[in-house]
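Each chain, letter by letter, is given below.
2 protein chains.
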Amino acid sequence: MANLNENFLKLKKNYLFVEIGQRVKAYAAANPDKNIIRMGIGDVTLPLPAAVVAAFEKAVREQGVKETFRGYEDSGLGYDFLRDRVSDYYKAFGVSVDSSEVLISDGAKSDCGNFGDIFSPDNTVLVSDPVYPVYVDSNIMGGRTIITADSNRENGFRALPNNDIHADIIYLCSPNNPTGSVYTKDELKLWVDYANNRKSVIVFDAAYEAFISEPDLPRSIFQIDGARTCAVEICSLSKTAGFTGTRCGYTVIPKELNLYTSSNEAVNLGDTWRRRQGSKFNGVSYPVQRAAEAVFSDEGQAEVKANLDYYKTNAKIITDTLDELNVSYTGGKNSPYIWFTSKRFPDSWALFDKLLNDVSVVGTPGSGFGKNGEGWFRLTAFSTNEKTAEAMKRIRETIQL
Amino acid sequence: MANLNENFLKLKKNYLFVEIGQRVKAYAAANPDKNIIRMGIGDVTLPLPAAVVAAFEKAVREQGVKETFRGYEDSGLGYDFLRDRVSDYYKAFGVSVDSSEVLISDGAKSDCGNFGDIFSPDNTVLVSDPVYPVYVDSNIMGGRTIITADSNRENGFRALPNNDIHADIIYLCSPNNPTGSVYTKDELKLWVDYANNRKSVIVFDAAYEAFISEPDLPRSIFQIDGARTCAVEICSLSKTAGFTGTRCGYTVIPKELNLYTSSNEAVNLGDTWRRRQGSKFNGVSYPVQRAAEAVFSDEGQAEVKANLDYYKTNAKIITDTLDELNVSYTGGKNSPYIWFTSKRFPDSWALFDKLLNDVSVVGTPGSGFGKNGEGWFRLTAFSTNEKTAEAMKRIRETIQL
Numbered sequence: 001m002a003n004l005n006e007n008f009l010k011l012k013k014n015y016l017f018v019e020i021g022q023r024v025k026a027y028a029a030a031n032p033d034k035n036i037i038r039m040g041i042g043d044v045t046l047p048l049p050a051a052v053v054a055a056f057e058k059a060v061r062e063q064g065v066k067e068t069f070r071g072y073e074d075s076g077l078g079y080d081f082l083r084d085r086v087s088d089y090y091k092a093f094g095v096s097v098d099s100s101e102v103l104i105s106d107g108a109k110s111d112c113g114n115f116g117d118i119f120s121p122d123n124t125v126l127v128s129d130p131v132y133p134v135y136v137d138s139n140i141m142g143g144r145t146i147i148t149a150d151s152n153r154e155n156g157f158r159a160l161p162n163n164d165i166h167a168d169i170i171y172l173c174s175p176n177n178p179t180g181s182v183y184t185k186d187e188l189k190l191w192v193d194y195a196n197n198r199k200s201v202i203v204f205d206a207a208y209e210a211f212i213s214e215p216d217l218p219r220s221i222f223q224i225d226g227a228r229t230c231a232v233e234i235c236s237l238s239k240t241a242g243f244t245g246t247r248c249g250y251t252v253i254p255k256e257l258n259l260y261t262s263s264n265e266a267v268n269l270g271d272t273w274r275r276r277q278g279s280k281f282n283g284v285s286y287p288v289q290r291a292a293e294a295v296f297s298d299e300g301q302a303e304v305k306a307n308l309d310y311y312k313t314n315a316k317i318i319t320d321t322l323d324e325l326n327v328s329y330t331g332g333k334n335s336p337y338i339w340f341t342s343k344r345f346p347d348s349w350a351l352f353d354k355l356l357n358d359v360s361v362v363g364t365p366g367s368g369f370g371k372n373g374e375g376w377f378r379l380t381a382f383s384t385n386e387k388t389a390e391a392m393k394r395i396r397e398t399i400q401l
Numbered sequence: 402m403a404n405l406n407e408n409f410l411k412l413k414k415n416y417l418f419v420e421i422g423q424r425v426k427a428y429a430a431a432n433p434d435k436n437i438i439r440m441g442i443g444d445v446t447l448p449l450p451a452a453v454v455a456a457f458e459k460a461v462r463e464q465g466v467k468e469t470f471r472g473y474e475d476s477g478l479g480y481d482f483l484r485d486r487v488s489d490y491y492k493a494f495g496v497s498v499d500s501s502e503v504l505i506s507d508g509a510k511s512d513c514g515n516f517g518d519i520f521s522p523d524n525t526v527l528v529s530d531p532v533y534p535v536y537v538d539s540n541i542m543g544g545r546t547i548i549t550a551d552s553n554r555e556n557g558f559r560a561l562p563n564n565d566i567h568a569d570i571i572y573l574c575s576p577n578n579p580t581g582s583v584y585t586k587d588e589l590k591l592w593v594d595y596a597n598n599r600k601s602v603i604v605f606d607a608a609y610e611a612f613i614s615e616p617d618l619p620r621s622i623f624q625i626d627g628a629r630t631c632a633v634e635i636c637s638l639s640k641t642a643g644f645t646g647t648r649c650g651y652t653v654i655p656k657e658l659n660l661y662t663s664s665n666e667a668v669n670l671g672d673t674w675r676r677r678q679g680s681k682f683n684g685v686s687y688p689v690q691r692a693a694e695a696v697f698s699d700e701g702q703a704e705v706k707a708n709l710d711y712y713k714t715n716a717k718i719i720t721d722t723l724d725e726l727n728v729s730y731t732g733g734k735n736s737p738y739i740w741f742t743s744k745r746f747p748d749s750w751a752l753f754d755k756l757l758n759d760v761s762v763v764g765t766p767g768s769g770f771g772k773n774g775e776g777w778f779r780l781t782a783f784s785t786n787e788k789t790a791e792a793m794k795r796i797r798e799t800i801q802l
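Note that the protein sequences, when read in sequence, are chains U and F.
Quick note, the first sequence lines up with residues 1 to 401 if you use my numbering.
Quick note, the second sequence lines up with residues 402 to 802 if you use my numbering.
Calculated directly from the structure, the hints in this document are not laboratory data.
Take the hints with a grain of salt, since some may be wrong.
As the list claims (entries may be wrong) - So the derived list for chain F, only partly shown, Cβ under 8 Å to chain U, looks like this:
1) Met402
2) Leu412
3) Gly514
4) Val668
As the list claims (entries may be wrong) - Simulated restraints, written as ranges between beta carbons of each label pair:
5) U:Lys371 with F:Ser476: 26 to 34 Å
6) U:Lys13 with F:Gly627: 28 to 36 Å
7) U:Lys305 with F:Ser501: 37 to 45 Å
8) F:Asp748 with U:Asp122: 41 to 49 Å
9) F:Arg797 with U:Asp122: 54 to 62 Å
10) U:Phe81 with F:Asn758: 31 to 39 Å
11) U:Thr145 with F:Ser500: 33 to 41 Å
12) F:Ser500 with U:Ser263: 48 to 56 Å
13) U:Pro32 with F:Glu657: 35 to 43 Å
14) U:Lys13 with F:Asn665: 39 to 47 Å
15) F:Gln423 with U:Asp98: 19 to 27 Å
16) F:Ile437 with U:Asp186: 54 to 62 Å
17) U:Phe81 with F:Asp481: 32 to 40 Å
Stated by the list, open to error - Sample of chain U residues facing chain F (criterion: CB under 10 Å; computed from the structure):
18) Asn114
19) Leu269
20) Arg275
Please read all numbers here as calculations on a predicted model, not as lab measurements.
Just so it is clear, CB atoms sit at the ideal spot from N, CA and C, and this is done for glycine as well.
Pulled out of the complex, with its shape left as it was, chain U reads as follows (with noise of 0.2 Å):
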């Protein structure tokens, strides 16, 4: 008899997600005539750059040539052209990471969601709460004991390491999803200090990283001394170069970095996910590596630039708005995310259904991603600047926060 693996009957029944798309659903089918402004799922708005079209189209056409047809890609990994090109992207910000170390992923949330597989089951999560749900399905999936530790106003949603609890592996994410918040250089040590004094490993999701303006903010696990022995960085171009929808990201793996078997003996970890990817992946489609390529020329980093600044001005109309309401929030100015909270609505899903019955705005209850996110709420900056102001505008004229 096939057997369900249980860890599934384990998981929450109603994905976030879901939900929300329910309750939206069902309000523009009673409510036809609403202009409905979305700021609730991550996806953006603005297309893909001149640049990467470009790149994309000329790799299509190459693959429609016998002498230029691209079959398999040996390795499954990723073509040089783009390893390289991400290795010189750290660069940037004084991160040395070779060309070797880089991964190329059909999107961080593969990355994410598969790097369990090369864990014991029997290895202990960390995770904050609030959390990006896709880090605890994909363990608990994994059959592994998920401890949280707390983000919360008071440490400004940015949780920090307790000597005294054991965890494997962490996942961390900064800039934060949900909460906007970001780690500094001396907090991210202390991370660091914490798994490389158990031999733990750090799951880094840089993911926001571009939106980092703060130069003194970390945009890299790597830049923090002793990184290399404890960390991974899984990273996307869906929000910095509309990649939502075309899927590519990439994961940096350090040669240093060891898993241990129970008999303490070190084993190499990207050497073991190679072993995993090898067996369970062909690698990502060829133009879609041309394409992101061309995200990194200079061409396509100006335009890069120039979409972040758009998404900023969005995250700039949300945060005038709540500093003019004398709301709280975090987020926003290194960020997509705006989190904030309301004292008038301590149930996240009450201010949900209120912003969508009476303004016709739909973003995140905060409850949704953790005990510590309810009386929260989630915004994004990735919807027009138009609709943007007109959300904020509808929310300012209407509702009291």
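Once you've looked at the hints, dock chain F against the given chain U.
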């Protein structure tokens, strides 16, 4: 301490194609003047069909325009425009598959490798020997017990079920990689009955179905009565439409297919897989899905047929030579693989070295696919007509098989 999933220690160290690659590399370095003909790895040589390139390019351009840009795909399971085409494609061989039962993947290998996630680690997996290594390695990583059914000359490399042996998950590949053998409907019916009697699940790898030219041979397991309650089917566009480097495939999961909890409760398999994908995958690149859609257009199908005919010509060049040399083989007629044996070379790697060193032809030693592959050798029909003819000429003139 971050611990290794120790199932990884049970994997064989040297992956077959890595070893082949190393031997070929050494030979090429020592013999820079030799014209090496590669008929080992199953990569294709013909480019993407023109209709596919046109659709692919158009979709890339859409991604560069705000009004037509597509970000995250809602479901991550494939756009309806492509799922509908796959559903239509099945109708051509008399199979009714609803669009909602078709899930779009970034290639057969990913779904094949990741599929184990939803099964209990306590399940027993049955594979044929010889076998495509992905079935074995991905299940070793998942901690499942693997048993083998002998495929050999006596049963035409089409292992049949033995009711005395118990298996919960069964991997079948027809047309077979590596042996080129194809199950008849009656034979598949035996497997379907075996699986239904045990509530087991068949993972049917139909990556090479388009190579079947005899109308009585089944191109889908869903042509067999009872398959919808016991089978999933994994398909690929890699070999038919040249998607080895473009990456797209599809998996069919019938609505009525279940897994069972340890207390014998039925859980829908498709829902479980969708839950898995929802946390660990974010869909296939939109332009790639548009390219795949064009494979199923009238123009695309005409070009695919021309490509198949081209590769079938190669298969005939190979089998004509083997017939002439009085060498035993399977495959070649309804399959792109030709699997032959030579009395003079009972050691597959010895024949590999002989072909490489004496005539600069690269094939795949059968022993790399399992114990029953010893003494056998795989050639692929995916090279060019010219190179295939040249390789066969060299073998005919130089090597006594």
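So which of those numbered hints doesn't the model satisfy?
-> As far as the earlier hints go, only 14 is violated by this structure.
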